[in-house]
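Trainee: On the provided structure of chain A, position chains B, C and D as indicated by the hints.
There are 4 protein chains.
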Amino acid sequence: MAAHRPAPELITRGWLNTDSDLSLTDFRGKVVMIEAFQMLCPGCVSHGLPQAQKVHQTFSRDDVAVIGLHTVFEHHAAQGSKEALEAFLHEYRVPFPVALDAWDETGKIPLTMRAYQMRGTPTLLLIDRQGNLRKQVFGGVDDLALGAEIMAVLRDKPAPRAQSTAARTQSGCTDEGCAAPNL
Amino acid sequence: MAAHRPAPELITRGWLNTDSDLSLTDFRGKVVMIEAFQMLCPGCVSHGLPQAQKVHQTFSRDDVAVIGLHTVFEHHAAQGSKEALEAFLHEYRVPFPVALDAWDETGKIPLTMRAYQMRGTPTLLLIDRQGNLRKQVFGGVDDLALGAEIMAVLRDKPAPRAQSTAARTQSGCTDEGCAAPNL
Amino acid sequence: MAAHRPAPELITRGWLNTDSDLSLTDFRGKVVMIEAFQMLCPGCVSHGLPQAQKVHQTFSRDDVAVIGLHTVFEHHAAQGSKEALEAFLHEYRVPFPVALDAWDETGKIPLTMRAYQMRGTPTLLLIDRQGNLRKQVFGGVDDLALGAEIMAVLRDKPAPRAQSTAARTQSGCTDEGCAAPNL
Amino acid sequence: MAAHRPAPELITRGWLNTDSDLSLTDFRGKVVMIEAFQMLCPGCVSHGLPQAQKVHQTFSRDDVAVIGLHTVFEHHAAQGSKEALEAFLHEYRVPFPVALDAWDETGKIPLTMRAYQMRGTPTLLLIDRQGNLRKQVFGGVDDLALGAEIMAVLRDKPAPRAQSTAARTQSGCTDEGCAAPNL
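Chains as they are written, first to last, in the working numbering: chain A, 1 to 183; chain B, 1 to 183; chain C, 1 to 183; chain D, 1 to 183.
Honestly, the hints are just simulated from the structure, not real lab data.
There's no promise every hint is true.
[What the hints assert, rightly or not] List time: in silico PhoX-like cross-link candidates among lysine-lysine, alpha-carbon distance up to 25 angstroms:
1) D:82 with C:108
2) A:54 with D:54
3) B:157 with A:108
4) B:157 with C:135
5) B:135 with C:157
6) A:82 with B:135
7) A:82 with A:108
8) C:82 with D:54
9) B:135 with C:108
10) A:157 with D:135
11) C:108 with B:157
12) C:82 with C:108
[Said to hold, decoys possible] Computed beta-carbon distance windows for the label pairs:
13) B:155 with A:93: 17 to 23 angstroms
14) A:47 with B:157: 28 to 34 angstroms
15) B:82 with D:60: 34 to 40 angstroms
16) B:155 with D:61: 56 to 62 angstroms
Glycine included, every Cβ here is placed at the ideal spot set by N, Cα and C.
This is chain A alone, in the form it adopts within the complex:
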């Protein structure tokens, strides 16, 4: 069995569409799909979020939890406020919980985005029932392939949780062509 790495915990500065703040451990036992997006990212609006809503409608809530993650790394004045995101989620009728990725004083890339070394938005994360990160894709994913992928993770046998390693938690994204600046 391949060793899977545990998904880094979400580091947030607030949540919308939920009564109380959430943590990945609240979803242990379910597959979790996280859609990392920015409200002014055209690909997120036209493809990523509609796909996340379709996953939310297609799978049983007992099996699959869908979470949005607002990873603002540009246009902070325009899309950085909770009010702006709240208006966006209302108008686009996003029904699932959405976390606001947190910043520290050092830079513009939010902390969860750094922990996952995301290259930009939209990024789709798939986390298994044991809390391991099983898939991370930057950009578009086809519906047919995604449906198969989610079901493959759902049908996985339970496995012991992978051990965290130091390498994984380093911040920063060094890929060439990375859409997120200043990492």
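Mentor: Same frame as chain A, but now just chains B, C and D:
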């Protein structure tokens, strides 16, 4: 010949994508298409603005001018600032001039939107070479019909400019089902 | 004024969706849009014919007549019979008259297709109120541009009918990349 | 574990896109997706066959086999011949093997279609590695749900093959609203 009413002048609090502020009189001699939108209006983002960009690309700039009009009547905190709109226009690559519709102290519906008695967004306006308002549609318009409509106005014989009347400039929208509140 | 060439008459071996055989002269005074297609041509099925149906629905029947022209130049056994075309028109709910382009003994390219020197299917023809060919396009045409084009021809001032010339009626298509073989 | 019924064998009058005739037993050990279609069925052409091609491209050929089944139950003169189907498969670039469903002298509904009691076209069949019929859907299926469904069948534990029962093999379709006539 039907009497056409002159298009009310734009009342703005600024412009983007242009070096200097514009006025409808700057476009006299051309057909003007105005796309009234809000950056957080899903129908504007998925249909209205892409269609306006297609008009911008299809017709000669000497014949047809395309203008955006940001008529914010809700979620003012999220989409009311010039910075927010600027980020939006950048990300969605809107190439034509965009006016920010002005507010007064009395209410939430911006002034140009009131002057045209718009029912909501997206609203498409078509103004002929003489400055008369020839078409105003709230909601979706089919590409084939719009192409025909624009050409019909383009091929119109020049006519004397219509006289303005008091009735036309009254503010407020009283239609049932109007998408704009508090008119 | 540019001299327009008269549209060659349709040479047919039958009609469907009409009580009696038709001729271009039956439509004099109207703009005529002809959609040349083959029932097994994917681009015709997905784009050309749906667009022709939209034109049929959008414009007044007093102004614009839409005609299909079945120009079979390949797969004659599969799509050459009147029964095959009849089944196709029924299943795809094509509402306008459709002519079956005629063959002679010399080759596989049907006669009207030759007279217009069409390069393949779909080909869109636009004929003005006086019977002159105003536009001929092989492949896809955008709805917005087509709407404008049809209206431009509709709004044209009546002009004397152009004189037929010998050059126009020669058969054969010599363009490189021509989709129709053996021309 | 639910008892699954064995998928009835295909009864064919020929095959295309394959060197030799095939049988379901040739695919034992793989999941088989069968797309039952008619070449003049608009929903098959616009949705069913493109989806089958996407499945063909997305999954490993070692895991999933895609087969077309031409179940002609109307317009026999137009779409009943092998030549017509061959031209269609060529033009639409269908890459997987396609079986021609067989007829007997008693009626118009082909024999495999009867054995499966299909209601019309398109019908999608999903058969597991042991040869049991796991899903049968008439009409459209969403890509996301289909991807999940295929993967669920793929990840199934091997199970003993179900016993055939008399009820299942009776011919005819008695559902209200059945698209196939004369069953």
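Trainee: Any of the earlier hints contradicted here, and which numbers?
Mentor: 3, 6, 8, 9, 11, 13, 14 and 15
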